[in-house]
Every structure is written in structure tokens, then in C-alpha cells.
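A.B. asks: Residue numbers (the working numbering), protein chains in the order written: chain A, 1 to 356; chain B, 1 to 356.
Derived from the structure by calculation, the hints contain no laboratory data.
In this text, a Cβ means the ideal position worked out from N, Cα and C, and glycines have one as well.
There may be inaccurate statements among the hints.
A short, non-exhaustive set of chain A residues, derived as facing chain B with CB atoms under 10 Å [to be verified]:
1. PHE47
2. THR184
3. GLY233
4. GLU241
5. ILE282
6. ASP307
Number of protein chains: 2
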Amino acid sequence: MSSSRQVISIDNLNEFSVGALRNCGVGEADARVTAEILTTTDAWGVFTHGNKALRGYLRRLRGGGLAPHGTPSVVTEGPGWALVDGDSSLGMVTSTYAMEVALGKARATGLGYVGVRNSCHFGAAGAYAAQAARSGFIGVAMANDIPSVASPGSRGAVTGSNPLAYAVPAGKHRPLMLDMSIATVAGGKVYAARERGEPIPATWLINDHGQPTDDPQAYPEHSTLTPAAGHKGFGLALLIETLAGALTGAAMTTQVGSWLAGDPSIATHHGAAFLALDVAVIGPDLPARIESLIDEIHAAPRAVGVDRLYVPGEKEWENLERSRKDGIALPADVVASIREAATISDMDLDRYFTTP
Amino acid sequence: MSSSRQVISIDNLNEFSVGALRNCGVGEADARVTAEILTTTDAWGVFTHGNKALRGYLRRLRGGGLAPHGTPSVVTEGPGWALVDGDSSLGMVTSTYAMEVALGKARATGLGYVGVRNSCHFGAAGAYAAQAARSGFIGVAMANDIPSVASPGSRGAVTGSNPLAYAVPAGKHRPLMLDMSIATVAGGKVYAARERGEPIPATWLINDHGQPTDDPQAYPEHSTLTPAAGHKGFGLALLIETLAGALTGAAMTTQVGSWLAGDPSIATHHGAAFLALDVAVIGPDLPARIESLIDEIHAAPRAVGVDRLYVPGEKEWENLERSRKDGIALPADVVASIREAATISDMDLDRYFTTP
């Protein structure tokens, strides 16, 4: 374990996160929902979307762009669907509520769609997909965001890096769980190469002329992320924009606010979408069939030098087990960010760190 | 237009296709449904999935692996979903029926899911997504297939090249329409490079050791397609396998039959899945919002040397317009394939070709 990492137990990180949110005016229940999602995300090893983001949410709670006592509610609905207004509450609060509504619709009709408006950054999309899978449902979660990704042929950002996640019950295995963005790589990978002074593959970014570049130095001012697999990632971005933005009444593209860099007194108006399918009713054999499929993939011939084949989510579930046993080894950038979160929320972070 | 191409009007190609299917025992209505999908796909310029495939379907109709008078039907259902057994009828017949069932469910509850088993290759997934959009719905279509694509770290094929398509009503514009496979590129592109004796990008294939290769010569015997964007394409393949295979009771991975190379007397047992969302009920503003989004993308700054930015489906809709006016310019490989189809079905193809 690198000495730049700081180990903290899941419980302690969770309690810190709850306390920080409580100190910024969030009620106990909403603080617990939010902290558990952020902390589980860190325990999965997905540090870009865990408590590293807490700082940004706290600033918005202090600034008024997030409503500490906002209450998401259903504004229109039918037998299998609903549209939820997030009332500018935390994205984790609105999204957890929305997936619960989707599960209720799925119990009634077999599947449910819930679209969300007036939300904010919702952390890791996988958290809501996993929420559905915990109840035995297939879950899908997605969200829109400010433009940060080019389209094929564009010179700058056209769509958000719109996340898409799903989770599927898998019998004796932990759920299949994919959480991807439609960009070739996350901006964080470009920043990391920039800090190391290393070139990047020429497929990650385009420059100010819209042409491929292997230079991470100009990111993000003078270069833009590319869509994953070109027109495929761009096409998926627009499907997500359709279900999370256009269908929900949420803001879209340039009308969305930046949850991190934008004025913290103004709501971001993010959109999101959640789908759930009732496995027990539609296809009760599904978990056993997915279990066999995973076994088959695990047993497939491996490339030279590869020890093991993974299915989506497997590394995250193993990280969670390890985090439960050994605590979470937070990278330095995450520690720095949650130190700022502690300052914003008048929390004593050091009280929560355990000795490795 | 290359001299190796052969021009045929949409009507003539459609009538040839209807006649060929009729001659192999398919009823008038099913032949018309199938021919229209195959011919529209050619008119879109998606020649890999149009009447080029007719030959393979006719062989199966003659061989018994496809039932000329098969009748797809709902076997289980709930308010918002149904599972359809294709009864080994043509994939186009079963899929058109299944999407109609999904539209009916969506009219009742807001959204519908229909899973299909005992189907066969269904042509272009986009055809069924477009079917939904024509009725004002958001449509999604997907299918599984025999393994042809590696997973990250595997040495051979693990999943199908599982297609995924969607279509979205777009106001004054033609629908947004994406039709993608989860492979980096279609096998057809590798064959084309092989025929030209040219190397390919090292991202398209892995060799027998599971390592990247730029040599198309060993495909497909000793090399395998890679998943688009690595773990993202692989993850999407498993989502499609979940909804089109595991949930429907269809065959999966190695249990699926090869519609083209397999024994034509044995059914392939492909699975498919269809989703529809009722725009008019859930979000009546959607077409206008998508129209604006498309206008915004069209007006975005372009890379140096790029004349125009496209949205998904735009090239296909323009090809359709051109095909209506000037006929379809069939590539030589398609002409060769439909000549074989004519032989199998005792049709006189030359009668249908017009003078360019």
C-alpha cells in the first residue's frame, strides 16, 4: 500500500460523511442515504465518485444551490412510469427515491421507468443499479451532465460524459454490475498523465482543431475528451440524453449547471433516469442462467499473461470485501478533498482515521 | 458510382425479395414484412444486414431450420411485458410482432418490454427501433448471437457481437437512430482489409494468444474481434445477453446456432428484446426537445476539414431518400449473394434490375 494513502474504516468514513452533511443542514435520513452511497463507492475502489465529491456537494448546500431539506416527489405518473422532481435535493437522495419508485412500478406492471429533473450530480450510477439488484430486480441508471465530450467530427464538447450503469442478480455470484461513461476515458486519467508529464494515447483527446492529440497538458482548456468507440459512444450519449433529459424536463447540454465548478448558489438541474425489471415475475430462471454465464466466462481460455477473467462489477465487489476487512485505503487526492470537506463542514477529520 | 455496383429500384428489390420468400413457402403477409425490412435496410445503405442475408434465410426455410408458416405468439405476459416464442419463424416476422406487442404494452402502462426466444437472425436491429419511432414511441431493440467477440483478457470469443439499436422521434427531423454492435468493428471490415491485403488497426482483433494483431489474414480461424471500448463493449454485451437471452429463455452463447454457417435444418434459438416508451404520455415535449438538440449538434464547431456534423441515423435517412429517387446501388458482394438467393428460390433476378 502506497504511503500516500490513508486507511479509514468503512464505518468511520461513513460517520464522517454523515456528520459533514448534518453540519451543512441535511436531515439525518438523507445524510445517511447519501453517506452510504458515497462510502460504498469508495469501498468499491471507485474513488472518483465517492467522498471525493462530498466537498462539492457541501459547498452547494452552504451556497443554496442544493436544498438541505429538499424533498423529491412524483409529479406525473402512470402504471409503469413516473417523473420525479428532485426539488434540488442531493442527487443521491433524489436518485435513491426515484429507483424505489421504479421498483414499485416494476412490482405493479413488470417494469418501471422513472425520469428525474431538478437533480444534481448523483455520484456513481452503479449505486442505483445495485439498489435494484439487491431487491432481486434488473436495474439500469443513467444521468446527463454538462458537455465535456466531443462528437465524431466536432471541435469541442457536444454531450455530457453521461454515465450508464446496470446490475443483474447472478445467483451464487454477486450481481453483474457495469458503470461506464460514454467517454473513451475519464478526465481524471488525463489529469493523472498530465501530472506525471507523460503522453497519452492519441485516442483519448482532440485538440482545439478537432484533431487527435497525445498531449495531456492542454486539457481541459484546449482539448476535449473523445466519445468511446466514436459514433457508438456518441450515440449512447444521445440515448441517455433522451431518457434522462429530453423525456424528464431536466436541463440539457449547455443548460445543465456544473456541480463542481458552477456558482454554488444556483441549482444545476441535472436529469437522470432509472429502469427496473421484475426478474421473479418475468424470468425467474434469470439468476441461475446469469450464474452459469459467469462461470462460463471465468472458464474461458485466457490471453497469454492473463491470470483471470473478470465480469463487470467483480473487481468492485472484491474491493468491497477487502474494504470491510482492512478498511479503505484512500488515495492522496481523495484525502485532500475530504480535508476540504471537513473544513467546509466544521468536522474534525483526523478523529475518523484509524491506524493502518 | 462504381461500375461493380448494380442499381435496382426499391420496389423491384422488394418484389424480388417477396417472391423469393414466397417461393420458399412463406405466406404473403410474412414475406412482405420480411422483404420490406431487408429492402429498407439496403436503402439505408446498411448492406451487411439487408437482402445480402436473404440467401441464408432461404436455405433455412428450405432446410427446415426456419418454419415458413411459423407463428410467433405470447407465452407469458403481465401489464407491461410479454415473452414471445418465435416458433422458428423468420426473425423479421417474430421481431416485428414482438415490437407491436411492446407498443401495445406501452400504450397500456407507459412502457413495454418484450423478450423473444426461438427466433433467428433478425437483420438490422434499427428496423424495429424505427418501427416504434414511426408510431411516436422511443424504441430499443437488441439480440444475442453466437460467440464472436473476445472479453478483456480472453483468448477467443466469449460473447456475441450483440446488436443494440434505438430510435427517438425528433419533431421536424427524422428520428435519431443508432444501430451498433458491441464489437470494435464488424467482421466484414476485417474481410475487406484481408481482400485488399492491407493491415488493420491493432485494436480490431486479437490473435490466438489473445494479443493485438494488425494482420487480417488469420481472421476468423485464428483471430477474434475485440469488444468496442474494451470493458464497456463487453459490459454492454452482457446487458444485451441478460435482456435478450437470460430473461427470455432463448439460447445463449455457445448454445445459439449459426444462422449462416450452421446446419440449415436445425433452429438457431436466437433471443431478442424490445423496449418501447410512450412519448405522448410520459413526455410530450420530447420530440421538440430532441429537434432542438439535433439543431444544436448540427451548429457545433467542426474539426478542421469536417464539412458537417451528423447525428445517429441521419446518413441512413438520407440514403433512403436517395434510394427512393435513384434506386439502390447494390455492392458487388450483395449482388452475388442475392444471385444465390435467386437460385435457391427459383427466381429470375435479372427481371428486377433496372438500367442505371
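A.B. asks: Taking the hints in turn, state whether each one holds.
C.D. replies: Outcome of the hint check:
1. For A:PHE47, the interface hint is violated, since its Cβ never comes within 10 Å of a Cβ in chain B; the closest pair sits about 18 Å apart.
2. Here the hint on A:THR184 is kept, as its CB sits about 7 Å from the closest CB of chain B, short of 10 Å.
3. The restraint placing A:GLY233 at the interface with chain B holds, with a minimum CB-CB distance near 7 Å, inside the 10 Å limit.
4. Taken as an interface hint, A:GLU241 checks out: its beta carbon lies about 7 Å from the nearest beta carbon of chain B, inside 10 Å.
5. Satisfaction of the interface hint for A:ILE282 is found here, the shortest Cβ-Cβ separation to chain B being roughly 6 Å, below the 10 Å cut-off.
6. Below 10 Å, beta-carbon pairs count as interface contacts, and A:ASP307 has one with chain B at about 9 Å; its hint therefore holds.
Comparing the model with each numbered hint stated earlier shows that hint 1 is the single one that does not hold.
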